[in-house]
Amino acid sequence: MAHGYVAIQWNRLKVWYDLGILVLAVVFIALFVAAQNLSLGPGESVHPVQTALRATGACAFFLLTLTLAIGPLARLARFFAPLLYNRRHLGVATCLTALVHAGLVMVWYFGFAKLNPALALLISRPLSLQATNLPFELAGLAALSILVLLAATSHDYWQRVLTPLRWKRLHMAVYAAYGLVVAHVAFGPLLTPSQSLFSAVVLSSAGALAVLHLFTGLREVWRDWGSERAEHFLAGESRWKGSEAWLEVGRPQDIPDGRAVMVSPEYGERIAVFRDGDALYAVTNVCPHQNGPLGEGRIVDGCITCPWHGWQFRPGDGVSPPPYEEKVATYRLKLQDGTLYVRPEPMAPGSQAPVVLMSGGGT
Amino acid sequence: MKRWMTDRAPPPYAPPLNLGPRGDLFVGWADPGVATRRNLLLKGLGLAVAGGAAAAIAGPLGFAPGAGRWNPSAIKSWSGLLILDPYPTLVWRDDSGADQAALLGCPDKCGVRAQVEQFADRAVTIRGSLIERSGLKMIAATLEPGWIKPQGAETASPAAAVPTPLGTVNLQGELMDAKCWLGAMRPGEGLTHRSCAILCVRMGLPMLFVAGPPGGRRRAFVAVDQNGAPFDESVLPFVADPVRVSGQALSWRGWPRLSFPVSALSRL
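For the protein sequence lines, the chains are A and B, in the order given. Residues 0 to 362 (numbering that gives the first Met the number 0) make up the first sequence, in order. Residues 0 to 267 (numbering that gives the first Met the number 0) make up the second sequence, in order.
One chain only, chain A, in its complex shape:
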């Protein structure tokens, strides 16, 4: 407990990343305002506050869509992997932009009356189940509440306190927030005839995001189980059983040096089987930091390195190099008749697994 952890480690790339987010938001808002003003008819003008609240609302939606798209995009192409690094900063930037939007709305639409703006928000509309009378502002408020909660718990401190599993589950609420944002638009601008085109753009983005997630998810399922298992999964037979006590990995020479292949046991997470020169190792595919796919990483300086945030683990025992202490589960391997097998039961995290050598033998 005496290691030299620091609260936040900034590096040059993180600074550039955050600067990039700032530039992106500024460019978005500036071009939004410019395009809006260029489209106005003679004598028309939009109030600067309303311009600002529209621009920040659109920007928050864009950033949230981008945040959610990065995950599946990074699964599809390594090109997007650098965006995944520090994605939480993008989420926090989204939250801050949405807060500015909400603040402007509260002041502009619910302020300037002899009522508390929060009270005005709650009572301004008569109760009715008419579609056009649904309080779309409250959907936005609910989405914002979730974004604030997620931004507040985005630090690794909360991941440690909540445990990675609970933290990840909590942060899946970002999808609920996205749904509420879509409802926020659907029951507001969408039902206003003059704004239907704007709504169409928003709903198309949401649709594209849904298709992207679905496609990526099905692709992963397909990869996990092969066509036969995927068919069972799609038929709802999720507890279909195989019979292997040892899972076949394949020929070790087919594993690129310093990289891994992944195998999927019937239950549990994928197993990443790494080759480092002549030695072969197997660890869980799930990084304890943010569930990153270790098997898509590389061996860097003798350590398995997660492609998402660069966390490292020694391949032999799954323990992070000192001064770090994190551990991942390891698995037993065996080489039989030139074919590599892995035993799907994980060993305790940090357990030294017997080393298997491609040339035969091992420890």
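Simulated from the structure, these hints should not be mistaken for lab results. Hints are supplied without guarantee of correctness; some may be wrong.
Claimed, not checked - To be clear about the criterion: a stretch of chain B counts as covered by chain A if any three or more of its residues have a C-beta under 8 Å from a C-beta of chain A, and this derived list gives those stretches:
{"no.": "1", "region": "107 to 116"}
{"no.": "2", "region": "119 to 132"}
{"no.": "3", "region": "175 to 189"}
{"no.": "4", "region": "195 to 208"}
{"no.": "5", "region": "253 to 263"}
The beta-carbon is built from N, C-alpha and C at its ideal position, and this holds for glycine as well.
Given chain A, work out where chain B should sit, using these hints.
Only chain B this time, still in chain A's reference frame:
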């Protein structure tokens, strides 16, 4: 005490990273090298271009702000007769001899009926700022001490408050508060503005019926009930909602007026 980190730093004992075997693996904490840095910069620029394109597409969509004008800091004085019903209105004759009329409101979301009741049908001078759209006017009174002063003993004749009937009309459009539509908010209509419009009407601002499609040719009428009085709260569910109405059109000092019961409203 143990503190937490958000990212992994290179282990202190480790030799400089051997970037060769890392290939295309991106490690955030490691120096990516000149080529990768340049590549990242290009990706960032690409993203900014994509974001800018999205903004340029979304910016102009769905807008009908209208040609309303309001400069709250341009305070002026107007002298004329104050008519109380259906909504407080100041009427005067301009330099060219034409009759002018302006609805009255306050700088915020509120009406001024309570403050001007004692001056009904009397000549007054009012300080405020002008809100104007398509020749229709409203004065946002400053409400500062002395913002309304009686002028002499002139009083309005009973005929001054009688509008001219124009006949029955069937219209489609939207009910909204006068202040926002005339230019306090731009745009000041549609569902996104609905809560604000209801709040404004509840707080006593005059109500308009704006006929015509959003973004198209529109004409505003002062909206009153079948007795020529302001509506009660039963009209609120229809505010800022596309509606159809059949009512009596009237004209009063350049302001078109529309008189109808709430039961004559139906949603489109």
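Which hint numbers doesn't this structure obey? 2, 5
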